[in-house]
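Q: Listed below are the residues making up each chain.
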Amino acid sequence: MINAGLAAGAALAVLPVILHLFMRQTPKHVIFPALRLVRERQKRSKKRLRVKNWLLLLARMALLALMALALARPRLYSQMPLGDQSVPTALGLIFDTSLSMSYKEKDKTRLDEAKERARAILDQIPDSSLVFPVNSADPGTPVGLTPAAARKWIDNLTIRPVNRPLNAAMGQVYPAVVECDRPRHEVYVLTDLARSSWNPEQPAEGLDRVAKAKTTPGGKIATFILRLGSPEVNDVAIDAAAPAKNFVTQGESVEIKGQVRAQGTKPTSRVVEFYLDGVKKGEKPVAIPPGGQVEVSFATPPRLPEGEMHRGELRLSGTPDPLEFNDKRYFTFKVRPAYKVLLISDQASDAEFVAAALDPDQTPSASSGFQIDKGRPKELLAKYRDTLREYAAVFVLNVEAFEDEDSWGLLNGYVHEGGGLVFGLGDRCNAENYNGPTASQLLPAQLEPNRAPKGETTFGKVADVTHPLFQRFAKEIDPLLALVPVYRYWAVKPPEGTRVLMSYADGAPALLERTFKGPKTGRVLLWTTPLARRARRNDRGSWNEFPLPTYGWAFLALMNETVPYLAGSSSEQLDFEAGENVLLFLGPGARYQSFGLMGPDSKTPDSLNPSATSDYLEIVAPQMLGQWTVMAKDAENHQNRLGFSLNPPRTESQFVPLEPKDLDAIFGKDGYVLAEDATSLKKYQDTVRVGNELFPWLMMLILIIVTLENFLANTFYKESPRPSPAGASA
Amino acid sequence: MAGTAEKYLKPEVIRQVARLDLRAKFIVEGFIAGLHASPFQGFSVEFSEHRRYTPGDNISDVDWNVYAKTDRFYIKKFQAETNLTGYLVMDLSGSMGYTYRQELTKFEYSISVAAALCYLMIHQQDPVGLIAFDQKVRQSLAPGSKRSQLGNVLSLLAKLKPAGETDIEASLHQVASMIRHRSLVMIFSDLLADTAPVLRALHRLRFSGHDVIVFHVLDEAEAMFPFQGMLKLEDNETREILEVDADAIKADYLEEVENFQAGYRADCVRARIDYVPLHTGMPFDKALMSYLLSRQARG
Chain A
377 MINAGLAAGA
387 ALAVLPVILH
397 LFMRQTPKHV
407 IFPALRLVRE
417 RQKRSKKRLR
427 VKNWLLLLAR
437 MALLALMALA
447 LARPRLYSQM
457 PLGDQSVPTA
467 LGLIFDTSLS
477 MSYKEKDKTR
487 LDEAKERARA
497 ILDQIPDSSL
507 VFPVNSADPG
517 TPVGLTPAAA
527 RKWIDNLTIR
537 PVNRPLNAAM
547 GQVYPAVVEC
557 DRPRHEVYVL
567 TDLARSSWNP
577 EQPAEGLDRV
587 AKAKTTPGGK
597 IATFILRLGS
607 PEVNDVAIDA
617 AAPAKNFVTQ
627 GESVEIKGQV
637 RAQGTKPTSR
647 VVEFYLDGVK
657 KGEKPVAIPP
667 GGQVEVSFAT
677 PPRLPEGEMH
687 RGELRLSGTP
697 DPLEFNDKRY
707 FTFKVRPAYK
717 VLLISDQASD
727 AEFVAAALDP
737 DQTPSASSGF
747 QIDKGRPKEL
757 LAKYRDTLRE
767 YAAVFVLNVE
777 AFEDEDSWGL
787 LNGYVHEGGG
797 LVFGLGDRCN
807 AENYNGPTAS
817 QLLPAQLEPN
827 RAPKGETTFG
837 KVADVTHPLF
847 QRFAKEIDPL
857 LALVPVYRYW
867 AVKPPEGTRV
877 LMSYADGAPA
887 LLERTFKGPK
897 TGRVLLWTTP
907 LARRARRNDR
917 GSWNEFPLPT
927 YGWAFLALMN
937 ETVPYLAGSS
947 SEQLDFEAGE
957 NVLLFLGPGA
967 RYQSFGLMGP
977 DSKTPDSLNP
987 SATSDYLEIV
997 APQMLGQWTV
1007 MAKDAENHQN
1017 RLGFSLNPPR
1027 TESQFVPLEP
1037 KDLDAIFGKD
1047 GYVLAEDATS
1057 LKKYQDTVRV
1067 GNELFPWLMM
1077 LILIIVTLEN
1087 FLANTFYKES
1097 PRPSPAGASA
Chain B
12 MAGTAEKYLK
22 PEVIRQVARL
32 DLRAKFIVEG
42 FIAGLHASPF
52 QGFSVEFSEH
62 RRYTPGDNIS
72 DVDWNVYAKT
82 DRFYIKKFQA
92 ETNLTGYLVM
102 DLSGSMGYTY
112 RQELTKFEYS
122 ISVAAALCYL
132 MIHQQDPVGL
142 IAFDQKVRQS
152 LAPGSKRSQL
162 GNVLSLLAKL
172 KPAGETDIEA
182 SLHQVASMIR
192 HRSLVMIFSD
202 LLADTAPVLR
212 ALHRLRFSGH
222 DVIVFHVLDE
232 AEAMFPFQGM
242 LKLEDNETRE
252 ILEVDADAIK
262 ADYLEEVENF
272 QAGYRADCVR
282 ARIDYVPLHT
292 GMPFDKALMS
302 YLLSRQARG
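If you're matching them up, the sequences are chains A and B in order.
Numbered by my numbering, the letters in the first sequence go through residues 377 to 1106 in order.
Numbered by my numbering, the letters in the second sequence go through residues 12 to 310 in order.
Any given hint could turn out to be false.
Unchecked claim - Examples of chain B residues toward chain A, derived with CB under 8 Å:
(1) 72
(2) 73
(3) 201
(4) 229
(5) 260
(6) 271
(7) 274
(8) 278
(9) 280
Claimed, not checked - Straight-line C-alpha distance at most 30 Å; calculated DSS-like pairs for lysine-lysine:
(10) A/893 / A/704
(11) B/157 / A/404
(12) A/419 / B/243
(13) B/172 / A/404
(14) A/704 / A/979
(15) A/428 / B/21
(16) A/979 / A/759
(17) A/1059 / A/528
(18) A/642 / A/588
(19) A/1037 / A/480
(20) B/243 / B/80
(21) A/588 / A/1058
In short, the hints are calculated from the structure, not lab data.
For every residue, glycine included, the Cβ atom is placed at its ideal position computed from N, Cα and C.
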């Protein structure tokens, strides 16, 4: 870019030629007898003199041309042919309003800083500009605002717990800026460059529009990314707070586990407070190494009221830190009645181990999460036909056979209605009975002749440690199971659709599962070795040592996980992160007429419409962090209180900044300019709007040429180390 | 220079002396006065005819007049011991009549030197003759040692006027054929001609047995090139004109002059010819010293 008028001054370069032609000195006439000496010398040095004269002329012409060019202030790489005057601008402003922007430094959050910087940018543009402001929380096409209106819009900006990636926000702004008819197009992104606010794997949306606009005259869009806040962060956060399980049986105390993490370079200490239903129940000091993490745990009181939902909270107290949103974490859990479990076995000894695992202290006064009933196979129809569905789980332990198909039918119906059935096959089982027509509709596999493995075997690896049965002990369970000797097991032929959850060390299936879809999912677990042992090794029924504590606690843990799993309560989620859709389980077959949704600020509840068929209530991405309550009213006007906790996403606390290569991937290598502060922003704005000024370089070049011209001229005219004048050397 | 006599060594001063004979006298006296501090102390025109008495010399040769004056014994030299016939050979070409800004033209400078030399030689009873040339020998005066010869030489010198072109080579060859006996040939010229032919002629003179002194006389402007700006230079003999930028060519021209003189010097040294570069801004003592040294080498 160049000032055309002044550049024409470069034509002054011909001035020396004109001067040389028209203002030539009239030579003085001198009689000089020694002319022959001049002529002879000239013959020899004519060529050299000509070159020297031309060089001098060129140097002087170049000098004039460069001076004129310098005055014209040429610039390189100017993207906008508009110079640096105040030009009406189509200005896109994208604000990162994610939780990390609430980080406070010197009594100012990063969002406050973003607002200040945005106002400063607005001060630079004339009132005829149009501003398209967006934040990372709200979707939609931005409306063009005047700078004054944009200032008001900016004043109302707040931190939002739920945000979309800024990649998407770019896609809102770019088209609006492209289509605006103002001559200059600029987009500013005000962000702390936290990785959690971006999708580093994806390019920014709308780049195709930007590329297309580049091809039209004056259509280029300059994108400036303003980094807010310092890259160093000092913060202590509660990263996690959760009960060991979401559903607690009455009488059971549950452990609340929390994780406290420190980001920064100095060790720090805090106090973690535990609140339950709004009442402080405990506190513990914690010392956290720099960049480290510690665990803290609390226990709830054992006799929590039954049937209710309980709201818990872990809070940090002590020295306040710059980021407040992660100083609390919420959780919700329910207390329900003890699970009813039915154990059916031919012999009491086959049921005692499972009973002991679920309810170690079987005295009536002792509180337990399980209510154990024991029965014989022939009592199934007579005693439990109508009450079977009340049981969370039914264990069939080493039963030889069910005498009639109705028993199998009853069990089949139970499972199809969402019940949970566990078979522990042992020495007594009659394969023919278990392979019968009704039984085979139920069982995960057909029984084949039982056998002893070649040599002693043990349990092998769990097929999927993320299965709810194993998830809590994912790291520990495999080594424990590998300790348990197995002497005998039933060979089975699992059909398609059956899932093998666990095998023996020799590869044969040990635990299989079959599920039955319905209003509530029913499940059948099949152990191919009994869930019992015999005291004597040579007993016919001695097939394994699974329940023996000598071989670890795997049996105990798995039995305690099995019942809630079969009851469906282990899949119910009550804690969510902001941005997720909440799915609340209403209960199998529960039908409600209306729901009232109340947020943490306890304002007037919103009404939600129930789904006619679903057992779940879906709440789309609730925004406010904290404890939410849902009042569900049924047809009889009975109210059921539901609830959930909403926490900030963990990634918002883990401040990991984007790297330059990430920005390159998002915007393209030359698609953006990253400004660390106001000074560098000004410099980049000048470069983008005005280009790199060549004036300093031209002045340096002029200086060099002046020196060169001086040197050349003096070389012509200097008094050379004089040959001694004629006559002095005799 | 100190002293009234010595001032006459300056061309601008001698220019004020119109008579050539007086010029000659003043130049010589100025020169001799300047010799007081030189190794030639005690030199005088008179004493140049004597030498110190050494045991074995004939008592009858003692000059008792000198003894009366000095209380020292000096032997009067015979004429034959001291006689050195000198020829003053003057270039009469038009370029010799040139001066840019000096008081004396090259020719006037030359004849002032020549007159002074003649004065010296006559007073030493050395015969002196005169030859003037341009394209060929124009004038000549046979050598003589009487006092009247001084007047003859000076009178002829005063009448000579430089004009026209020159042929130094042909003229010097002619001079060589004119001089029969071994002589001291003193050539006064600006040598603005082709060098090789001139050197050939000088060699001929030298190899004929003569002692040769070449007084290479240039104008001060020709030697120093004091010009500035654009010039239209004109050769007054050939009428050739050349436009030059004086500032641009000065250094080169001076180098050319230096080379010009150096060429002559080198060749003259090889041929054992005395070469004395002069310009019209220089005092005369240099020229006279050259003669003196040459004279002493033979004496």
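Q: Against this structure, judge whether each hint is valid.
A: Okay, the hints, checked on the actual structure:
Hint status for residue 72 of chain B: violated, given a least beta-carbon distance of 37 Å to chain A, over 8 Å. The interface hint given for residue 73 of chain B is broken, as the beta carbon of that residue sits about 39 Å from the closest beta carbon of chain A, more than 8 Å. A least Cβ separation of about 7 Å between residue 201 of chain B and chain A falls short of the 8 Å threshold, and the interface hint therefore holds. With 8 Å as the threshold, the beta carbon of residue 229 of chain B comes within range of chain A, its nearest partner Cβ sitting at about 5 Å, so the hint holds.
Hint on residue 260 of chain B holds. Least Cβ distance to chain A is approximately 7 Å, under the 8 Å limit. Taking 8 Å as the C-beta contact cut-off toward chain A, the hint placing residue 271 of chain B at the interface holds, the least distance being around 6 Å. Below 8 Å, beta-carbon pairs count as interface contacts, and residue 274 of chain B has none with chain A, the closest being about 12 Å; its hint is therefore violated. The criterion of a C-beta within 8 Å of any C-beta in chain A is not met by residue 278 of chain B, whose closest approach is roughly 14 Å, and the hint is violated.
The beta carbon of residue 280 of chain B comes no nearer than 11 Å to any beta carbon in chain A, farther than 8 Å, and the hint placing it at the interface is violated. As the CA atoms of residue 893 of chain A and residue 704 of chain A are separated by approximately 39 Å, the hinted pair breaks the 30 Å bound. Distance restraint check for residue 157 of chain B and residue 404 of chain A: the Cα-Cα separation of roughly 50 Å exceeds the 30 Å cut-off, and the hinted pair is therefore not satisfied. Taking the CA atoms of residue 419 of chain A and residue 243 of chain B, the gap is about 17 Å. The hint holds against a cut of 30 Å.
A C-alpha spacing of about 27 Å is found between residue 172 of chain B and residue 404 of chain A, which places the hinted pair at or below 30 Å, so the restraint holds. Under the criterion of a C-alpha separation no larger than 30 Å, the hint pairing residue 704 of chain A with residue 979 of chain A is consistent with the structure, at around 21 Å. The hinted pair formed by residue 428 of chain A and residue 21 of chain B fails the criterion: a straight-line CA distance of about 42 Å is larger than 30 Å. The suggested pairing of residue 979 of chain A with residue 759 of chain A is violated, with an alpha-carbon distance near 51 Å, which exceeds 30 Å.
With a C-alpha separation of about 28 Å, the suggested pair residue 1059 of chain A and residue 528 of chain A falls inside the 30 Å cut-off, and the hint holds. In summary, the hint linking residue 642 of chain A to residue 588 of chain A is not supported, as the alpha carbons are separated by about 50 Å, beyond the 30 Å threshold. At roughly 27 Å between alpha-carbon atoms, residue 1037 of chain A and residue 480 of chain A fall within 30 Å of each other, so this suggested pair holds. Proposed proximity of residue 243 of chain B and residue 80 of chain B is contradicted: the alpha carbons are some 62 Å apart, above 30 Å.
As the CA atoms of residue 588 of chain A and residue 1058 of chain A are separated by approximately 27 Å, the hinted pair is consistent with the 30 Å bound.
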